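Chain by chain, the residues run as shown.
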Amino acid sequence: MAEATAETGSEGQPAPAKPADTDITLTTGLQILWPFAEMAKGRFIAAAVLATLSSLALLGPFWLVYRSVEDIVLGHPPDAMYDYALLAALFVFLQYAFLAAAMWVSHHGAFATLAALRLRVGDRLKGVPLGFLTSRRSGEVQRTLNDDIERLEIFLAHAIPDLVSTFTTALFLIGWLLLVNLPMGLVGVAMVTAAAILMTQSSRRGSRKMASYLASLGRMNGSMVEFLRAMPVVRTFNGSRRVFGETEAAIADGAEYQAQWAREFVPLYTAYFVLLTSPVLVIVPAGLWFWHLGLLDTAVLLFFFIVGLGFTLPLLRVQQVMVRLSYLALGARLVKELDEAEILKVSSQPVSVADGRIDVQNVSFSYEAAGGTEALKNITFSAEPRQVTAIVGPSGSGKSTLARLIARFWDVDSGAIHLGGVDLRDFPPEQLMSQLAFVFQETFLFDDTIAANLRMARPEASDAELEGAARAANAHDFICALPGGYDTPVGEGGARLSGGERQRIAIARAILKDAPVVLLDEATAYVDPENEVALQAAIDELVAGKTVILIAHRLSTIAGADQILVLDEGRIVERGRHDALLEAQGLYAQLWAAFSEADATALSNREQP
Amino acid sequence: MSTAAQPFYQGAVPTAFRLLGKRAQPVLFGIGLRFLQAMCAGIPVGYLVWVVNRLRDGTLTEADAWQAAIVTLIAVCAQYGVWYLSNRITWTNTYYAIGEARARALAHVQQLSLGSLQSRSTGDMTSVFSTDFEAVSTFISNALPALFGAIGLPVVVLTVMVFLDPPLALAVAVSLIVGVPLFIWTNRRFKALALLRGDRLASASGRMLEYVQGIAIARTFNQTSDQLSHFEQAVEDIRQINGRLVLYLLPLGMLTIGVIQLGTPVAMAFISYRWLGGAVDVGTALVFFVLILRVYGPIVALAPEIENLRLGDAALERIGRILDLEPQNAPDRPVVQPDGHSLSFRNVTFAYGDQNVLEDVSFTAEAGTTTAIVGPSGSGKSTILNLAARFWDSQEGAVAIGGVDVRLLTPDQLFEEITIVFQEVYLFRASIRENIAFGRPEASLADIESAARAAQAHEFIQALPEGYDTVVGEGGATLSGGERQRISIARAILKDAPIVLLDEATASLDALNERAVRNALANLARNRTVLVVAHRLPTIQAADQILVLDGGQIVERGNHESLAAEPRGRYRQFWESRAQALAWRIGQA
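Protein chains in written order, with my numbering: chain A, 7 to 615; chain B, 228 to 816.
None of these hints come from the bench; they were simulated from the model.
One should not assume that every hint holds.
Claimed, not checked - Okay, the calculated beta carbon distance ranges per label pair:
(1) R269/A / A578/B: 16 to 24 Å
(2) R281/B / F178/A: 28 to 36 Å
(3) R502/A / A673/B: 39 to 47 Å
Claimed, not checked - A short list of chain A residues far from chain B (calculated; beta carbon distances all over 12 Å):
(4) L62
(5) G145
(6) L192
(7) N368
(8) V428
Keep in mind it's a predicted model, so treat the numbers as computed, not measured.
Note that beta-carbon positions come from the ideal geometry of N, C-alpha and C, so glycine has one too.
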């Protein structure tokens, strides 16, 4: 079986090993991580000092055992024996008292830092472009805010005191050993140096295989996710063998790489541990040799035999920290990026708005992520109050982008959008938002009651007004049927309601807001067909007397619009009313023909005549 | 891989060894070597004691020094050799064994019903395969050897002590006798507290994350200050929960480790007492003084490994939960042949949890006819499709294809009969050609192209830079929703199974895509047995049989003419409201 696995391993194409963290060394890692400690610098310094005191206290019992042994070997009168024991007890007590204090201070410093960091990021999110939050990045933002920031705790609360206390204690000890006896002290220095070399060499030797292993783990995860998500397809198309094959190969490769890594890593790694856990192996022969040469006397020899044996203990602890440092720095880098996310420039000067008219002039826009290709090119149109402006076009033509630019989810690259004669960028955000109501495909509700979600739109609204809006949105009946009526919690993200119910709440919210401009993007998508009539009535209520801009795929719904803009590849290619556009025999006429045909096509197993 | 009668998880260590399978022996051998290594570490310590004693009575000679060098050299080599072997044997065997266990678990997952698979989230499942197996790997390769390595030296030292002077040995052991149970007890307590913290933290994080999800909406309603205060409260809660945990854990943790370490001064005092009182000679006292420094250190150093032991334990439990899921049974080789391509439900009752989703549903979709299922959301429409495809098994009654219970068909037989077009399209990260040929990898390019033509996909595929070789799926070329749907229809057409299960989409596509998808589906349905969850009026109107579902029961059945003639019928209401919805125009109220 081992051979079989090995074969699959060598045959499988290893993904190019490109772990993102290879470029993070100890120094660059610390450069990224340290600024986070600055927020509670005093506490971390205090923690480091306390941890150092604890590490020094750890040496106390070693020293006192040495004094006892020295007294015995050299035949001194044994008067101080009990005092040594008592002092040793004191040192043990101090060691853990200092350590507890260090951990206490460092953890509280860390928790305060994490909290401050989260608040800072949370505050920043109020100012970033709205598009930043609705795009795919919102998942990344969540992960960074939760996991990556949490991970900093390991660095702040553990790595700082550990690293500092280890280095200072090691320095102190080496100094002490050198002072007591130069040759033996140098032996100690040599051991530490050798250990350091072994540690770096062993991890370097294994690193390539480790990267391959991590890559194969990544492939395993990827193919598992694919397999699980594709399960229905895989089952009905008999694809288990093929899709599983990939996961199986990734698993076998992973085991093989890990085993290869172990074979390369083990020789030096074991040497490192033998050296650090049994310093006696070097110190006893070296000590005896120097003693024999007359370079040290018996008391000093005993000192090294006993105290010298304790000095590698703290070093074992750092190894753990070092291994994790690059991993920690990687998370810290993401936190830093989020902490410095660009925020929209906003004006705080209220402006006076003439009416609900929207003027879009020569607007071009491209998403950064899409590599600079323009999503919208030179768009110009006006949407009048009390009129319906519909935007239609094939998928990917830029319809949703246009609707979102009007709500200033992003700023335009060139040109300008005016609302009531004022450039969107001159509005204070609060004032702009009070002018707009929108219902998009995806509806977000807060984990709160229905009433609280409705009151988002107008906190001072009375119960009667709330009910009025809900009635208008055809939501009142289903709300009353819920166990707690308007006080029913909607669950996380509105999970306890159906898609159509959530959308009707969103419409009720927009009605309650009573803003002069209404933006609708496929507001009836994902609605259960049996709720559609109710939803349509709700929309009629919402748009009455407003400047309406809407996107709809079902062309029949917009046939009565005052103005139809036909978008194709980011440009307006046609505009006008339904009848005129049909006569023009352009893209709209094609779309309409396709729509009518699709709408009439039956699914039938009888041969078409 | 586990029997149904006995859960897989039977305590951490036995379960871990069961998971290792035939590699349990080498791993056990490796761990044994680690124990031996720890005892080898006792050799130079013993030698040190001997040297110190010689120093005391002044009999240490140059020959002794040489001897010391040689003995330590041997000890180094022995220790290195044994440790090296231990690491190598334990690690490589564990890694291979975990790989094999992963593969076995994967094979098990393959046999589960889709229902049991979908009852857990994808993230949950993948984290078992990556994180949990990883934790078990660390548990076996590092934590267990570390445990045996840590107790090796203290055991040797204590044994030597017992031979030298039992009362003194007892004095040295006293702090361990008190401390180790305390240590284990506090660790249990840690586990309980950590669980509690986990729950509270999850709830606070949830509230914190809601802010990120909701901030956009809150900003559009100018309600950020309110949401921000919730967010601030959640952040503060997280800080306090963490702070409180440290408040509990720190003193307790320090106390237990401290108690063990206090063994050193206690032993020092007792050695002095015995020696000064004349109960032991000076040599013995000296030996004890040197040895006490070797007893407690390794055990205290074990503390970080406790975490790995705990994680491994929890991971084994989670792995067990997956392995304990009952596999879906199907015969290995064909026992009966379906007679024709009809699909029938006979008194089918299906419950999800303790809630009935379908109650006593019976119908037959004759070969070559279309059966449309209509009804409000939550009435059980999709469940009928899932049962027909045997994604789940019904609790009562039977689903039959060509008169044969689907449970009597092999997976291959079932696969031959049925094809499904899902609302949610899944494309693999592969070329379009491979995606279409997924159900028939041996299909010729001509077959693939003609399937694509029938699915109205040939034209747009040709227009792609690399045509049929264009890679799609995650990270591949971007296709619109309608294009993706047409590729999935081509896949179904190429598969050419006599029974088609179809979930008609509610969310609409742009007109051009919509038309193409409609035509593609019409081509797929032709001359096949079709069972469709229908929303569109032309589909329903043309169906040979319409089943009106409500609350998991068939409340009306017939064709369009007969059902529409029923003035107060459910179907009639449904039809009228759909017609009204379709006639709606915005702003014309």
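Notebook entry, point to check: Taking the CB of R281/B and the CB of F178/A, does the distance hold inside 28 to 36 Å?
Noted result: Cβ of R281/B to Cβ of F178/A: about 31 Å, so the range 28 to 36 Å holds.
Next item on the list: Could you check that no beta carbon of chain B comes within 12 Å of the beta carbon of L192/A?
Entry: 18 Å, holds
Checklist line | CB-CB spacing for A673/B and R502/A relative to the 39 to 47 Å hint | finding: Violated, at about 52 Å.
Check: Does the claim that L62/A lies outside the interface with chain B hold up, using a Cβ gap greater than 12 Å?
Finding: 15 Å, holds
Note to self: So G145/A supposedly isn't at the interface. Is its beta-carbon more than 12 Å from every beta-carbon in chain B?
What the structure shows: 9 Å, violated
Note to self: Given a hint of 16 to 24 Å, does the C-beta separation of R269/A and A578/B actually sit inside it?
What the structure shows: 53 Å, violated
Note to self: So V428/A supposedly isn't at the interface. Is its beta-carbon more than 12 Å from every beta-carbon in chain B?
What the structure shows: The assertion about V428/A holds, with a minimum of 17 Å to chain B.
Item checked: Given as non-interface: N368/A, partner chain B, CB spacing beyond 12 Å -> Holds, because the least Cβ-Cβ distance between N368/A and chain B comes to about 26 Å, which exceeds 12 Å.
Hint compliance for this structure: hints 1, 3, 5 are not met, and every other hint is.
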